[in-house]
Amino acid sequence: MSVTGNGTTSASDPRGLGPADAAAGVAKSMRIRGLFKEYRPGVPVLKGIDLDLEGQGVTAIIGPSGTGKSTLLRCMNRLVEPTRGEIIFEGQDIVSLNRAGLRRLRRKVGMVFQEYNLVERLSVIENLLCGRLGYVSPFKAWLRRFPAEDIDRAFELLDAVGLGEFAQQRADNLSGGQRQRVGIARALMQAPHILLADEPTSSLDPKTSVEIMELMAKLAGERDIPVVVNIHDVALGRRFAQRVVGMSEGTIVYDGPPGGLTDAHLKEIYGGEDWLN
Amino acid sequence: MTNAADPVQGTHRRLQRFTPVERFSRWLVLLLVVSAIVVSTRHVQIIPEFLYDAPEQMLDLLQRLWPPDLSYYQIGVHEALVETLHIASLGTILALILALPVALFSARNITSNPVLQVLAKFILVSSRSVNSLVWALLFVAIFGPGTLAGVLAIAFRSVGFVGKLLGEALEEANMGTIEALSATGAPRLSILLKGYWPQVKPALWSIALFRWDINVRESAVLGLVGAGGIGVALNNALNTFYWDKVSTVLLSIFAVVIIAELVVTEIRKRII
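Chains B and X supply the protein sequences, listed in that same order. Under full-length UniProt numbering, think of the first position of the first sequence as 1, with each following residue one higher. Under full-length UniProt numbering, think of the first position of the second sequence as 1, with each following residue one higher.
Keep in mind the hints are simulated off the structure, nothing from the lab. Misleading hints may appear alongside valid ones.
Stated by the list, open to error - Chain B is faced by these chain X residues, among others (derived, beta-carbon under 7 Å): (1) Asp-53; (2) Ala-54; (3) Pro-55; (4) Leu-59; (5) Thr-184; (6) Gly-185; (7) Pro-198; (8) Ser-206.
Stated by the list, open to error - Beta-carbon label-pair distances, calculated as ranges: (9) X/Glu-171 to B/Asp-274: 40 to 46 Å; (10) X/Asn-109 to B/Gly-91: 29 to 35 Å; (11) X/Arg-108 to B/Glu-81: 26 to 32 Å; (12) B/Arg-84 to X/Val-125: 56 to 62 Å; (13) X/Arg-188 to B/Ser-96: 16 to 22 Å; (14) B/Gly-66 to X/Arg-23: 45 to 51 Å; (15) B/Glu-81 to X/Glu-266: 45 to 51 Å; (16) X/Gly-144 to B/Ser-123: 48 to 54 Å; (17) B/Ser-123 to X/Arg-108: 28 to 34 Å; (18) X/Arg-188 to B/His-232: 31 to 37 Å; (19) X/Ile-259 to B/Glu-81: 50 to 56 Å; (20) B/Glu-38 to X/Ser-89: 18 to 24 Å; (21) B/Ser-123 to X/Glu-266: 22 to 28 Å.
Just so you know, even glycine gets a beta-carbon here, dropped at the ideal spot from N, CA and C.
Taking the hints into account, I'd like the entire structure generated from these sequences.
Pasting the structure below:
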């Protein structure tokens with residue numbers, strides 16, 4: 001894999017536009033080796049995860065509640081501290097980065113959340129600009145003096161997620177589906193090299209869920225970055241993912257194309273079989 | 001507690017609210033309360049004669065208070081009243097500034113350093129456990145009598161109140177939002193300004209207004225110990241037995257407190 005430091009990336013592409021990154025030939029991949037996580041000593045939630053995420057396309061992580069899907073995803077940007085193991089991204093081991101290094105690296109990892117996690121009392125456009133907080137000084141952010149290209153980009157992205165006319169509305173005026181669109185746009189404002197989504201559709205109705213998955217797959221595809229989605233809706237995961245990772249009790253028990261996922265696999269992942277019929 | 005017997009076979013079941021032990025302890029508590037009243041009454045040594053002529057004394061005082069000498073308002077009250085409002089407002093603003101770092105240190109989701117947390121809790125508790133009159137006495141001793149002592153007394157008394165409530169508001173902030181901003185690689189100061197601040201802003205305004213309202217009342221008595229404001233006028237009138245002037249001062253304080261209350265209620269309605 002080719003190794004590119006953050007400095008070079010942001011220097012060659014200050015606006016951080018997705019397609020430009022692709023032209024620059026930056027390898028957008030993440031390599032996880034022997035990842036362990038224990039919240040309490042002796043009770044591992046993740047038991048040695050090995051996973052490679054690269055190129056374009058959606059990877060769906062499926063598995064029952066409490067199996068460590070969310071922990072795995074949060075280890076990838078160290079919102080959760082891994083106990084041991086390594087996560088190589090952009091040529092650096094995320095697990096061993098110091099605070100400043102981690103902050104610089106997180107700018108390249110976009111994340112979408114189940115509960116959207118917007119700043120409810122700020123306007124939609126300001127929520128999008130929050131995606132640039134890693135690049136803008138706190139003082140300028142406070143005075144709302146974001147660079148003009150960031151603001152242009154925010155409006156472009158808002159149009160791309162179909163919320164152009166909502167720019168000045170407060171985020172808490174939006175519906176769940178609209179909020180998740182803002183969440184996706186905020187993550188893409190970072191011009192990420194990987195997009196993580198933790199149960200992005202679990203708080204949404206079935207129709208909106210499909211729309212959100214479509215949007216995420218489309219926008220990430222345009223930017224040529226891998227998308228990792230935790231999803232408990234197996235059908236939805238199968239429909240949008242090019243790759244399915246099945247987890248059970250902190251280990252990966254299936255890793256392959258959605259077509260290869262059989263009832264036997266699902267039985268192994270979730271246990272029981274009555275629900276399959 | 002009801003009897004747990006099978007409802008089908010039960011003919012006469014007794015409804016019993018308390019077990020014997022519970023009943024006994026209830027009597028014990030009652031006995032303790034009564035004896036506490038008896039003991040404390042004996043201890044404070046109420047002189048019955050003073051009690052008997054209290055209605056008479058009260059009537060006498062009211063006659064001396066009425067009618068109030070309203071001409072005194074322009075001479076001795078107005079300026080002191082304005083000074084009182086200044087003390088309350090400046091004290092509140094100073095308290096907000098001082099309380100901000102204390103609140104940040106006291107909020108467990110922002111400060112993980114236990115030493116800073118204990119320090120913040122100590123400041124919050126000591127500020128609140130000392131009455132504003134005592135703070136005023138302290139600052140009069142340091143800075144001499146006057147408005148400055150009053151402002152500082154109000155500020156130091158308010159830091160605990162504002163700091164505690166603001167700290168609690170910070171702790172109640174939605175951590176999902178904070179997590180999302182951390183995930184973008186935002187520095188801590190940006191997270192404070194863009195994540196926490198919008199969430200606690202309404203609470204802060206509400207706390208500030210509420211505290212200002214309290215401070216108007218508190219600063220009215222600070223003059224009794226020489227810390228400026230209308231209390232000085234009250235003290236002078238009391239010491240010289242000009243009861244008609246006393247009533248003018250009391251009426252003015254009453255009016256200002258009511259107006260402050262109305263203003264605060266109106267502003268709260270509009271901004272929240």
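Where does the structure disagree with the numbered hints, that is, which hint numbers, in rising order? 1, 2, 3, 4, 8, 11, 12 and 20
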